[in-house]
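Colleague: Each chain, letter by letter, is given below.
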Amino acid sequence: MTDRSLHERIDEVVVGLASEAEVAEIEALCAADPDVASQLERARRRYVALDYTADNLPLPSDLWTRIEASLDSEQERQVEADTSAEIIPLTPRNTQGRWRAAAFGSAIAAAVLAVALGFSLAMAPEPTVIAVLLDSKGQPIAVVEGAENNQTLITLLENTRVPANSVMQVWTKPDENGPPVSLGLLAAARSRTLTATGLPPPRAEQLYEITFEPTGGSPTNLPTGPILGKGFAKEPVY
Amino acid sequence: MLGVARRMLRRADLAEDAVQDCFVLLWRKCSQFDARQGQAKAWIYTILRNRCLTLLRNGDREIALDEDKAEKASDEAILEVAYNRLERTNDLRICLETLDPNKRMAILSSYILGYSHGEIAGRMGAPLGSVKAWVRRGLLMLRECLA
Chain A
1 MTDRSLHERI DEVVVGLASE AEVAEIEALC AADPDVASQL ERARRRYVAL
51 DYTADNLPLP SDLWTRIEAS LDSEQERQVE ADTSAEIIPL TPRNTQGRWR
101 AAAFGSAIAA AVLAVALGFS LAMAPEPTVI AVLLDSKGQP IAVVEGAENN
151 QTLITLLENT RVPANSVMQV WTKPDENGPP VSLGLLAAAR SRTLTATGLP
201 PPRAEQLYEI TFEPTGGSPT NLPTGPILGK GFAKEPVY
Chain B
1001 MLGVARRMLR RADLAEDAVQ DCFVLLWRKC SQFDARQGQA KAWIYTILRN
1051 RCLTLLRNGD REIALDEDKA EKASDEAILE VAYNRLERTN DLRICLETLD
1101 PNKRMAILSS YILGYSHGEI AGRMGAPLGS VKAWVRRGLL MLRECLA
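Protein chains in written order, with the numbering used here: chain A, 1 to 238; chain B, 1001 to 1147.
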């Protein structure tokens, strides 16, 4: 089995097709090599969207009591093990537990809560601005929905013919008098969400524009190709 | 979280057990979580799904199958709901759309329902060799599509 690519073995672990021995082997590789660990992490992220599609069922009210009970019994077992080994702890036994509790209490607890409570909000932030992009004949060709964090959903309104060796590139002007900034590429001429970082939250009257650019995006990082459509953002009324 | 476990285990009581076990495991393993490396949510789901898989592989599958009728939803219905719930603009959905139905079904059955190669072959009425090939090629195509 060693001739199989590492990628394939990692994917099988992620989708749940690997044997327990195989999982243990990959975990050992991850512990030894951060590159493998980040490959596994990337593979997990590819599929995690499928977990979000499960029904959001409320946890039974006694679940926390049950969890507490099993944690308590686990700790008791640990205490017994310590006593049998006749090791006198140098620090009060509780300290470690408290540290673990504190560690658990921060990042993970937040994430557990987010998971437990469902995170449709985090998945699709409500748009704070919406722009309808029009072509040169005034026909609507795309709707742009921008969120506070500049996660931008582009919905194309017609099948666009992208010239050969070209891609669509989405631009915006966060500063009215500044240069356009790229939000990303629409390689497949399909609707999708783009995520840009380091930009101020979008505002009303902000310009959005889609241009055709050479494959890989504009070489100058400014729009160079023909404009497919453009429009100014409005704030939706909720 | 319960929804993910329920989908795999097909039984409310087993699903609750799995979520409970998952929380205990999170408590025990939290020191292993590397915030720089990973996304906490993906990590939590990994632990939960692994726990469900262990429950399934340890023989509880038989019990779960007996109860299938009580849970009503067929495999196809569960997979279809999951697939349709992926946003149209989600990269994974876009890439899954490019796979032929056999490959897509095989991969979704393993991720969502926790099926092994053999179980997928049994459910789809296909030779084991074909299922293994579909999965291998499907995973490769998704990897390239999502790169």
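For the record, the hints were derived by calculation from the structure and aren't laboratory data.
Since this is a predicted model, take the numbers as computed values, not measurements.
We treat Cβ as the ideally placed atom computed from N, Cα and C, and that holds for glycine.
Do not rely on the hints blindly, as some may be mistaken.
Not everything, but these chain A residues come out facing chain B in the computed CB check (under 7 Å) [claimed, not checked]:
hint, residue
1, Leu-50
2, Thr-193
3, Thr-195
In silico negatives: residues of chain B with every beta carbon more than 10 Å from chain A [as the list claims (entries may be wrong)]:
hint, residue
4, Met-1001
5, Leu-1014
6, Ala-1042
7, Glu-1076
8, Asp-1091
9, Asn-1102
10, Ser-1110
11, Gly-1122
12, Arg-1123
13, Gly-1125
14, Ala-1126
15, Pro-1127
16, Gly-1129
17, Ser-1130
18, Ala-1133
19, Leu-1140
Colleague: Now tell me if each hint is right for this structure.
Modeller: Evaluation of the provided hints:
For Leu-50 of chain A, the suggested interface contact is upheld, since its CB lies about 5 Å from the closest CB of chain B, less than 7 Å. A cut of 7 Å between beta carbons decides the hint on Thr-193 of chain A: the least distance to chain B is about 5 Å, and the hint holds. Checking Thr-195 of chain A against chain B: minimum C-beta separation of about 11 Å lies over 7 Å; hint violated. Non-interface status of Met-1001 of chain B relative to chain A is broken: a Cβ of that chain comes within 10 Å, the nearest being about 6 Å off.
Chain A leaves Leu-1014 of chain B outside its interface by the beta-carbon criterion, the shortest separation being 13 Å against a cut-off of 10 Å. Listed as outside the interface, Ala-1042 of chain B is inconsistent with that label: its C-beta sits roughly 4 Å from the nearest C-beta of chain A, within the 10 Å cut-off. Even its closest Cβ contact with chain A, about 15 Å, leaves Glu-1076 of chain B beyond 10 Å, as expected for a residue assigned away from the interface. Its beta-carbon lying about 7 Å from the closest one in chain A, Asp-1091 of chain B breaks the requirement of being farther than 10 Å from that chain.
No Cβ of chain A comes within 10 Å of the Cβ of Asn-1102 of chain B; the nearest lies about 15 Å off, and the non-interface call holds. With a least CB separation of 5 Å from chain A, Ser-1110 of chain B falls inside the 10 Å interface cut-off, contrary to its annotation. Annotated as non-interface, Gly-1122 of chain B keeps its C-beta farther than 10 Å from every C-beta of chain A; the closest such distance is 15 Å. At roughly 14 Å from the closest C-beta of chain A, the C-beta of Arg-1123 of chain B stays outside 10 Å, upholding its exclusion from the interface.
At roughly 19 Å from the closest C-beta of chain A, the C-beta of Gly-1125 of chain B stays outside 10 Å, upholding its exclusion from the interface. The Cβ of Ala-1126 of chain B lies farther than 10 Å from every Cβ of chain A, with a closest approach of about 15 Å, so its non-interface assignment holds. Distance to chain A confirms Pro-1127 of chain B as a non-interface residue, since its nearest Cβ pair spans about 17 Å, more than 10 Å. No beta-carbon of chain A is positioned within 10 Å of the beta-carbon of Gly-1129 of chain B; the least distance is around 15 Å.
Even its closest Cβ contact with chain A, about 15 Å, leaves Ser-1130 of chain B beyond 10 Å, as expected for a residue assigned away from the interface. Residue placement check: Ala-1133 of chain B keeps its beta carbon more than 10 Å from all beta carbons of chain A (closest about 12 Å). Interface exclusion of Leu-1140 of chain B from chain A breaks down, the closest Cβ pair being 7 Å apart, not more than 10 Å.
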